[in-house]
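Participant: Residue strings, one per chain:
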Amino acid sequence: MESRLRGSNKFHLLPMIEGNDKIGVQVLKNVMHILLIDDNPMDVELAVSALKEVDSRPSSTGNNLDVKYTISVVMNGEEALDYVSNRCSYEDQKKYPLPNIILLDLKMPGVDGCDVLRHIKQMPYINRVPVVMLSSSAEKEDRMRSYEAGASSYLVKPTSFESFTDMMAILLSYWGRHNVRPRV
Amino acid sequence: MCREMEDTNDMISKYSHGRLRIYSVAFSTLLLLSTLGTSGFHHLAAANPSGICLELFRESESAKLIIEDRTLTGVKSSSETSIPVTKDKESSLFERPAFLLIVYLWLLTIVATGVFLWFRGRRSLWQQRSRYRTLVENVSDLITVLDGDGTIRYVSPSSNHILGRSPNQVQGTKFSDCIDAEDRQEFQKLLDRSADQLQRAGALSFHIVNKEGVALVLEAVATVLYFEEERLIVVNFRDITDRVRTEEKVRLLNSDLECRVRSRTLDLQKANAELDAFCSSISHDLRAPLRAILGFSSILEKRLDDQIDAESFKYLKNIGEAGEQMSRLIQDMLEYATLGLEGIHLDEVSLGDVLQDVISTLSTDIEKCAAQVDYPNELPVVVGNRTLFEQIFRNLLGNALIYVRPNRAPRVQIHCDVRESDVLIAVSDNGIGINEGNKERIFRMFQRLHCQ
Chain A
0 MESRLRGSNK FHLLPMIEGN DKIGVQVLKN VMHILLIDDN PMDVELAVSA
50 LKEVDSRPSS TGNNLDVKYT ISVVMNGEEA LDYVSNRCSY EDQKKYPLPN
100 IILLDLKMPG VDGCDVLRHI KQMPYINRVP VVMLSSSAEK EDRMRSYEAG
150 ASSYLVKPTS FESFTDMMAI LLSYWGRHNV RPRV
Chain B
0 MCREMEDTND MISKYSHGRL RIYSVAFSTL LLLSTLGTSG FHHLAAANPS
50 GICLELFRES ESAKLIIEDR TLTGVKSSSE TSIPVTKDKE SSLFERPAFL
100 LIVYLWLLTI VATGVFLWFR GRRSLWQQRS RYRTLVENVS DLITVLDGDG
150 TIRYVSPSSN HILGRSPNQV QGTKFSDCID AEDRQEFQKL LDRSADQLQR
200 AGALSFHIVN KEGVALVLEA VATVLYFEEE RLIVVNFRDI TDRVRTEEKV
250 RLLNSDLECR VRSRTLDLQK ANAELDAFCS SISHDLRAPL RAILGFSSIL
300 EKRLDDQIDA ESFKYLKNIG EAGEQMSRLI QDMLEYATLG LEGIHLDEVS
350 LGDVLQDVIS TLSTDIEKCA AQVDYPNELP VVVGNRTLFE QIFRNLLGNA
400 LIYVRPNRAP RVQIHCDVRE SDVLIAVSDN GIGINEGNKE RIFRMFQRLH
450 CQ
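Just so you know, the protein sequences line up as chains A and B, in that order.
Residues in the first sequence are numbered consecutively from 0, following numbering that gives the first Met the number 0.
Residues in the second sequence are numbered consecutively from 0, following numbering that gives the first Met the number 0.
Note that these hints are calculated values from the structure, not bench results.
Note that beta-carbon positions come from the ideal geometry of N, C-alpha and C, so glycine has one too.
One thing to keep in mind: the hints can contain errors.
[Said to hold, decoys possible] Derived BS3-like pairs (lysine-lysine); straight-line CA-CA distance at most 27 Å:
| hint | chain 1 | residue 1 | chain 2 | residue 2 |
| --- | --- | --- | --- | --- |
| 1 | B | K301 | A | K67 |
| 2 | B | K210 | A | K51 |
| 3 | A | K139 | A | K51 |
| 4 | A | K139 | B | K269 |
| 5 | A | K51 | A | K94 |
| 6 | A | K94 | A | K67 |
| 7 | A | K120 | A | K139 |
| 8 | A | K51 | B | K316 |
| 9 | A | K67 | A | K51 |
| 10 | A | K51 | A | K93 |
| 11 | B | K269 | A | K106 |
| 12 | B | K210 | B | K173 |
| 13 | A | K67 | A | K93 |
| 14 | B | K210 | B | K188 |
| 15 | B | K313 | A | K51 |
| 16 | A | K120 | A | K93 |
| 17 | A | K106 | A | K120 |
| 18 | B | K316 | B | K301 |
[Claimed, not checked] So the derived label-pair ranges between C-beta atoms look like this:
| hint | chain 1 | residue 1 | chain 2 | residue 2 | range |
| --- | --- | --- | --- | --- | --- |
| 19 | B | I343 | A | D65 | 47 to 55 Å |
| 20 | B | R302 | A | D65 | 20 to 28 Å |
| 21 | B | E257 | A | K139 | 25 to 33 Å |
Make the full structure from the sequences, and use the hints.
Facilitator: Here it is, written out as structure tokens:
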């Protein structure tokens, strides 16, 4: 498991964090690929930790989901749009595959979550990918504008790590196992 | 023939249609013919002033006339004349005296009525003229009659106080001379319009400065008037100076008020926006680092569980607990800050339902500490805000479950007392209670009297 951090352009990519060690980079057909867009490196770290925590939960508790996933992280709106368009530094489609689900932070400097969402919803193919808003804000206005822009779901980041892990478990279970994915 | 009849001393008469007609002049002078001439008779005696007596008898075929001269002593002379009476023809309706009398009376009535009506008309006309004159002369509005080019033909006496000049001084001058130069064109337009449309032209207001130098605002309405083949325009002017001034004052006051309201609204909106931004900042900016503190301390706790000494582990736990507490405080503060933002809506709230809901949400805690909650079976319906009632009950019950005496199961009692228009709800518990000196403190924000 490897992570790279490009400090200069705040790009933080954790390519192919495998939900299961047996899954390789190239084999993505039955793997859920998550694109996490968040400007706060700590939140990114927490989200990744929470996802790992879901995996590390013992199977006996019934919490182990056995959902295979990979995750890519971008840390601002512009990069997110570059990623989904496979342009600039994201041309390599094998390295940067199109996601099956996008976790999008709402409040980001520059191009914010809603702007990214609106752009995504105007792009062919990628507009079918479910976008789950992951925000610190529980405000009505933020919720409304997210859903109006086409969000599939809106989650408020809990302060407790335990709750965050639970949320990630449900997220993986729902979007990775139960949800029938659109063809992108 | 006529001449002969006039010369004779005999009475030449014709009796026809019941009427005796006397043709001889000499004889007629003896008589008061008017009395004879009118109706049929059988016997008639009369005397003229000179004493000549005349008796006339009507017989079937003739009339006998006896004339006696009684001017001197007794009967001076007498003559008797027999007048042949021609048989009456069947007289026509129009010649019958009764009919003629009716016709005369009828005509007389008509003439009399006509005369009466004429007099009455004249009187009414005179009265009306006098009434209108009084009206025009006493009205405070200025009534003028202008000709086509605006020259004043008539002006009501109110010109004295409106224009500052008497009607005599004004008549013959042009009205537009009194009007402000700017408004003259408009005034001429009003005259033209009323002359063209042959109807009342709408009100127009304009400014004048009268002889006394007082600036006035007049409102004018104009109507065309035809008088002796000449087209004139009646223009009524009303002094609306006071009204205009008052309106101006009201307008200024209103605009001032609007300005102030707008400014206050802006202030309020700004304050609300600031509060929103503040809340948003708390919920987003303050929570993000808190989440990191809690998250990473939690991860560390797990990872270092068996690698660090107990004291270090306790410190790590302290970080987590302090973070949790801060999270709660932020939540409380947010709730408090957003409490009034959307306005508190009052509604009919069933206190029984509210209490049931609160008890069911707290049921896990109630069971855990084996608490007993006693409350009346029926609670009244009151007017209030359901969310706030819920919060009050939740806080009171929640506190009763937390702040307990050691080794004693919490017991909460809820009493309800309905007094006329008020309802008193009392919640009491067997917990640690609140010191008398601290009773005010509990109503301050974020106050806790005991550590949990």
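Participant: Any hints from earlier that this structure breaks? Give me their numbers in increasing order, please.
Facilitator: 2, 3
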